[in-house]
Amino acid sequence: MDFIWNKMATRIIYTADIYAGMELAESVKNLYGQMLLSAGTMLTESHISLFKTWGIEAVVINSDEPEVPADLTSALDFETMTILKKRMNWTPMNDQEMDLFNLAVQTISKQK
Amino acid sequence: MDFSEKIRSSVNNLPTLPTIYSQLSQAIEDPLATNEKIAKIISADQTSAFKVLKVANSPLYGLHGKIDSISQALIYLGHNEVKNIVFSLSIMKMFSKDKNVRGLRPVDLWAHSIGVGVITRNIGLAIGEKNVENYFLAGVFHDIGKIIFLEFAVKEYQKVMELVIEKKCQIKDAEKEVFGIDHATAGQILADKWRIPQYIQDIIYNHHMGQKTKETNTLLASVHLGNIVAHILGFGFSGDNLIPQPNPIIWGVLKLRRGTILSLKDKFIDDYSHTIKMMLM
Numbered sequence: 001m002d003f004i005w006n007k008m009a010t011r012i013i014y015t016a017d018i019y020a021g022m023e024l025a026e027s028v029k030n031l032y033g034q035m036l037l038s039a040g041t042m043l044t045e046s047h048i049s050l051f052k053t054w055g056i057e058a059v060v061i062n063s064d065e066p067e068v069p070a071d072l073t074s075a076l077d078f079e080t081m082t083i084l085k086k087r088m089n090w091t092p093m094n095d096q097e098m099d100l101f102n103l104a105v106q107t108i109s110k111q112k
Numbered sequence: 001m002d003f004s005e006k007i008r009s010s011v012n013n014l015p016t017l018p019t020i021y022s023q024l025s026q027a028i029e030d031p032l033a034t035n036e037k038i039a040k041i042i043s044a045d046q047t048s049a050f051k052v053l054k055v056a057n058s059p060l061y062g063l064h065g066k067i068d069s070i071s072q073a074l075i076y077l078g079h080n081e082v083k084n085i086v087f088s089l090s091i092m093k094m095f096s097k098d099k100n101v102r103g104l105r106p107v108d109l110w111a112h113s114i115g116v117g118v119i120t121r122n123i124g125l126a127i128g129e130k131n132v133e134n135y136f137l138a139g140v141f142h143d144i145g146k147i148i149f150l151e152f153a154v155k156e157y158q159k160v161m162e163l164v165i166e167k168k169c170q171i172k173d174a175e176k177e178v179f180g181i182d183h184a185t186a187g188q189i190l191a192d193k194w195r196i197p198q199y200i201q202d203i204i205y206n207h208h209m210g211q212k213t214k215e216t217n218t219l220l221a222s223v224h225l226g227n228i229v230a231h232i233l234g235f236g237f238s239g240d241n242l243i244p245q246p247n248p249i250i251w252g253v254l255k256l257r258r259g260t261i262l263s264l265k266d267k268f269i270d271d272y273s274h275t276i277k278m279m280l281m
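Chains A and W are the protein sequences, given in the same order. Using the numbering used here, read the first sequence as starting at 1 and increasing by one per residue. Using the numbering used here, read the second sequence as starting at 1 and increasing by one per residue.
Some clues are possibly wrong.
[As the list claims (entries may be wrong)] Sample of chain W residues facing chain A (criterion: CB under 7 Å; computed from the structure):
no.	residue
1	Ile232
2	Leu233
3	Leu242
4	Ile243
5	Gln245
6	Trp251
7	Lys255
8	Leu256
9	Ile261
10	Leu262
11	Ser263
If you're looking for bench data, these hints aren't it; they were derived computationally from the structure. Glycine included, every Cβ here is placed at the ideal spot set by N, Cα and C.
Turn these sequences into a full structure, and let the hints steer you where they fit.
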């Protein structure tokens, strides 16, 4: 895994859902591992359009109320999220659906 | 003639169910028929008999290599389950293996269907269902309508596959656009012609929704979930790789605990890899 973050205080978010004022919890890197923006950066509108140009699909931000349940985040990385986003267009709503989500994450991570 | 009529008339021209299956059904319904008599019917077709033995010994039934005769298979697996295996094998034999469209081959579709069968049966066992003998068959047959499309409208099905890629939509929506009906309806036409038992017809027609009218049952819910899990695990290929969204109604009947599906992952994979070899090779 590329990163492990504090489960209680961060969450992964699609670029489309970012708004100015959010704080990056993890550095944003491109496919070659080059650092594009460092952790702790306060995001602005121009960052958001840059993400789109760079093809960044999702980032990790600091959050007081994580939307993604804690056990989900442990296995996630950008590549997995990118593949998963293309294949799954619904959000898990209960424990059993979280199981399906985690099963998909495990399967995709293994295939990479 | 529109496509749905074309499919209907092509299905009507299909041969009736294989004799081995109807003889077997009759014998099983006859209270006086002995195991030996039933075993004899199956053994008359050596290829089927051989495959039945292989499937009966696969990890799916947990009897690893203990069964060396059809009579034993009938005792350990039960008449209906053996009949179901014969049924699945004879139907697979009836359809072409070479009606490929770009990106979808019948073998992958059968592999997906067998995968759904294996998962559905394991879900049935996990929820403590006492009678799971129809679970495998229901899973295997849920997508039979796609086989019908490939068999009778392979050129048009190419368009369906192109639409799926172009619009990133589910295959059933692309089918409706091209044929006016989806594979659930096409499958129902076949099920009707062959008078396949009503519970299988319900599965074929309702597997996407996971419910019939406003209700569901454990078998339908298990197939609905089995299909989703087979998509997630990449068992075979059914034409699109979108992971379908579960209908929340299924959770109420399945009453699965958190973690159950994850804990069954290895069993799903093991049963699948063995069973496809037994049935497809």
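Legend entry - Unmet hints by their number, sorted upward, for this structure: Hints 7, 11 not satisfied by this model.
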